[in-house]
Amino acid sequence: MAIVTGTRRTGILSRIGLYLVLGGFALLLLFPFLYLVGGSLKAREDVFSYPPQVLPREPRTADVGGEPRPLFTVDGRELALLGEEEIGRFAPPDDLDAIVEVPTGDVEPTGGYTDQQTAVVDGEEQDLFDVPVDGGVVPMVEREVFEVGRFAAPDDPETEVLAPVEQAVAVERIGARPGNYREVLELQTLDRSLTNTLLVTTLVVAGTVFTSVLGGYAFARIRFPGRTAAFLVYIGSNMVPFVIILVPLYQLMVAVGWVDSLAALVFPFVFNAYGTFLMRQFFVSIPKELEEAAFVDGASRWTILWRIFVPLSRPAIATLATFMFLYAWNSFVWPFIVINAGNTENHVLTLSLQVLGGRAADSPNLVFAGVAIAVVVPVVVFVLLQRYFVENVATSGIK
Amino acid sequence: MTTLTERPRGARRLPGPRPAASGPARLRALLAWHALLAVALAGLLIGAAVAGFGPRGTSGTVIGLLLVALLAADIAALPLLARRRHLGRVLSLAVSYLGFLALALLLLQEIGAFTGLDALGATFIRGVPFLIVALLAFVAGGIGERGDLPGPLARPARIVALVALAGMLIAVGLLPALLTLVQRLADPVALGLLAGVAVFGFFARMAWSERTADDFATTSTQREGLDGLLYVSPNVLGFLLFFVGPLLFSLYASLTDWDLFSTPVFIGLDNYIQILSLDVAAGGELREGFREVLSAGGLTVGARDPLFWISMRNIAVFAVLAIPLAVLPALLIASALNTKVPGMRIFRAIYFVPTVAGVVGVTLIWKQLFNATVGYVNYGMSVVAGWFGATAPQPQWLSDADIVLFSLVIVFVWQYIGYNTILFLAGMQGLPADLYEAAHLDGASGWQRFRYITIPQLAPTTFFVVATTGIFALQLFTESVILFSNFTPPGSGPNNAALTPVGYLYQEGFQRFSPGYASAVAWLLFFVIFAFTFVQFQRQRAAAEGV
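Protein sequence lines correspond, in order, to chains A and B.
So for the first sequence, the numbering used here puts the first residue at 1; every next one is plus one.
So for the second sequence, the numbering used here puts the first residue at 400; every next one is plus one.
No lab work stands behind these hints: they were computed from the structure.
Do not take every clue at face value.
Once the Cα atoms are required to be at most 20 Å apart in a straight line, the calculated EDC-like pairs of lysine to aspartate or glutamate come out as [stated by the list, open to error]:
id : chain 1 : residue 1 : chain 2 : residue 2
1  : A       : Lys288    : B       : Asp626
2  : B       : Lys739    : B       : Asp626
3  : B       : Lys739    : B       : Asp833
4  : A       : Lys288    : B       : Glu836
A few chain B residues that face chain A, going by a derived Cβ cut-off under 8 Å, partial list only [unchecked claim]:
id : residue
5  : Val538
6  : Ile542
7  : Phe641
8  : Leu736
9  : Thr738
10 : Ala756
11 : Gly817
12 : Ile870
13 : Thr877
14 : Leu924
15 : Thr932
All C-beta atoms in this analysis are idealised placements derived from N, C-alpha and C, irrespective of residue type, glycine included.
The shape of chain A in the complex, shown without the other chains (with noise of 0.2 Å):
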């Protein structure tokens, strides 16, 4: 409002300051996504590849002799890795700083090798090789041994260079690797917890729909006896934060045998006081003339309730849909109390990408398919019906 009512002259920059601090934040909150999505789609090594990157990559590679190998840069070419050799640094016991480089395949122990002759270096007993220099053979200890890369041009693999592979940068381009996500499923059962989850979720909202329906309807609209009374407990019971029946609530699933069944996740969360609160405020801004007519007519209180109120109240029904959707979708805590974490048939997402992510050092790329299964729903849902929800979560809770 304050640049609104800002003079005409600054109006431009202003909106361009404006749109830079807001895409700025935006970016902000929408990075870790872009990263997940990125991640999801990257080999193993590549998560842990430095500096990090948000696209995923493979190595490039070209075709030598019929083989694809991997391309690297050396010394501003782009080589081809054809193999690797171990090559050892050699010197004469008796002159140390005399070195020659020798692959190691190509020495062998002075006097065979069952019978190694040795000699002494700087107090200490070392093995002798055998080492070819300059057409002869010369006894030599082994100082250091180091891995080089053989490399090539792919158009002309007969000249080789040699030069440590760990200094040579692999040629990448970006590549996705979308079967991390068919991965994912198979393991720990995410594909059955899917499909819990979806199961869960799908009772919770049509279960609280229904009963805060009936409930808002009639703490709307009928009179009963103890109805101011009970409302106000309803609203006072938002205050309640749900971990004080956490201990409880567990007993009363162990008397009824339902812990770590699905039930434990469905029937306590359908009876639920912000949605009837939600419902109670939206009906009551529905004019009675609407039903008095119908009253007139003869229709019960469950035909008006139905065909009157519920499609007049299709943004309070979406609003509380898409709530309880995120929240038994994203709901943690009491599954991680109640489903047993042996017990895989029974998880939901949240649990297994918890049980997934305690291992995350394995294989990360995996933990981002996880993720990114698991945040796409919700965040599709919410795209969808945010029409309804932004506006609605954002008045009734100042109300």
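Given chain A's structure and the hints, the job is docking chain B onto it.
Coordinates of chain B only, in the frame set by chain A:
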């Protein structure tokens, strides 16, 4: 119905007993039913007490008390019914209806209808396409909707949605599941329960019927009251069973010594005393049974239950950082968003996404971002430091005891800041525009208008935002479980540096199996949350009066 409403109000209360012989058969049947039920219930209770059958322990006590209440209502109904008092009909209805519901639930439980959900989990995937069609139809039905007028697609969309829902039920195999349940009815216990459901249902229906209402000369106000109770009953009964009952039981449990395997022993406030006992020693030794919580400047504070106080200290530090950081920037961004320039709807939707996406998922992303060697957080800090020619520290976000609370703050703030922005924005859009115009004419600057109009006018919204953020913050648990999953107990972090009160409650209640003690922790946490909300409320009142 109309004849009844025209009857004078006092007519029902005319003195003089009605001759019982003229009472219709319905009334006699109801009386016989309640008399029989009273005998049966009394027999059951006495038998359970004397012969000792039925459930033992806490659940036995609760069930016994409920049955006694039912019996009392049943006996009280008898004379009132005989005198055709409205209260008698209400009691009769209550007894029969509640008995009907209880037996029906027991029957469903007996044949495994509730735990049968687990089997549906395997087949539910087949119903998902139908479900998506139904959802899309619902969304399509809202297209072109204007106020109270339905859109052009409303009717076809509703039909499509209903057909899709029916298709879903068939596809997930509801029919064979129902058949299985029906087959399980062939069992003596289930059949007995079924008979009970039928009998209670029959008499509930009889007492509810229009003719019984006429017998009792029920007024339209009384009819309305009964209607209301019926409509609200599923909700209220579920609320009592799954919320009020556990809440009261939690209060009782917090006053007991209970190790889950034996019956709770009432010990008064001992749990609370154990939790809250503190001892301060200046240089010297703490008293017997106290262990150190923190020491500063020669003073050592010890507690009988150090973990509780550590969790409280952690959550206090967390809340002091997280709440302002999740609220104040949101207020500023909301005032920037509160303009009529195009594209604001898109920004609003984007800002909601972190809250919508689910705590577990987003925390797992952050866990990777926090990776000390290859994570984006440390990389970003080095890049920014590099611009100024400096080197950034590379904190161990997930394992350094001095840092872990900040990691939690970052994840929390990131989740709620957008949500709070939207709440503030909604509050601002409800503010009267003429105030701003008047201030503008008086030459108030943008900052002055924000400081002297927006902030005071927005006090109710601010209260709501701060209170909800605080309630979420003080119940922090999921984030720490996910970020610090490799510590035992889960979420405690290095040296308990990330242990939260809910985490401690979880530890006591579900790992050390002392639900009584855990309940006391829960009530103390509730008290803290309540006190926080109350203080915010007082501040809001003060701010609103100061305008």
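These are the hints, each one checked on the structure:
1. With a CA separation close to 18 Å, the supplied pair lysine 288(A) and aspartate 626(B) stays within the 20 Å bound.
2. Taking the CA atoms of lysine 739(B) and aspartate 626(B), the gap is about 48 Å. The hint is violated against a cut of 20 Å.
3. For the proposed pair lysine 739(B) and aspartate 833(B), the alpha carbon gap of about 17 Å is at most 20 Å, so the pair holds.
4. Simply put, lysine 288(A) and glutamate 836(B) have alpha-carbon atoms about 38 Å apart, too far for the 20 Å limit, and the pair is violated.
5. Given the 8 Å rule on beta carbons, the hint for valine 538(B) holds: about 5 Å separates it from the nearest Cβ of chain A.
6. Nearest Cβ of chain A to the Cβ of isoleucine 542(B): about 10 Å, over the 8 Å cut. The hint is violated.
7. Taking 8 Å as the C-beta contact cut-off toward chain A, the hint placing phenylalanine 641(B) at the interface holds, the least distance being around 4 Å.
8. Because the smallest distance between the Cβ of leucine 736(B) and any Cβ of chain A comes to about 7 Å, under 8 Å, the interface hint for this residue holds.
9. Proximity of threonine 738(B) to chain A holds as hinted, the smallest CB-CB distance being about 5 Å (cut-off 8 Å).
10. Checking alanine 756(B) against chain A by beta carbon gives a least distance of about 4 Å; that is within 8 Å, so the hint holds.
11. Look at glycine 817(B): its Cβ gets to within about 5 Å of chain A, closer than 8 Å, so that hint holds up.
12. For isoleucine 870(B), the suggested interface contact is upheld, since its CB lies about 6 Å from the closest CB of chain A, less than 8 Å.
13. For threonine 877(B), the interface hint holds, the least distance from its beta-carbon to any beta-carbon of chain A being 5 Å, beneath 8 Å.
14. Against a cut-off of 8 Å between C-beta atoms, the interface hint on leucine 924(B) holds, since the closest Cβ of chain A lies about 7 Å away.
15. Interface hint status for threonine 932(B): upheld, as the beta-carbon distance to the closest one in chain A is roughly 7 Å, under 8 Å.
In summary, the numbered hints that this structure violates are 2, 4 and 6.
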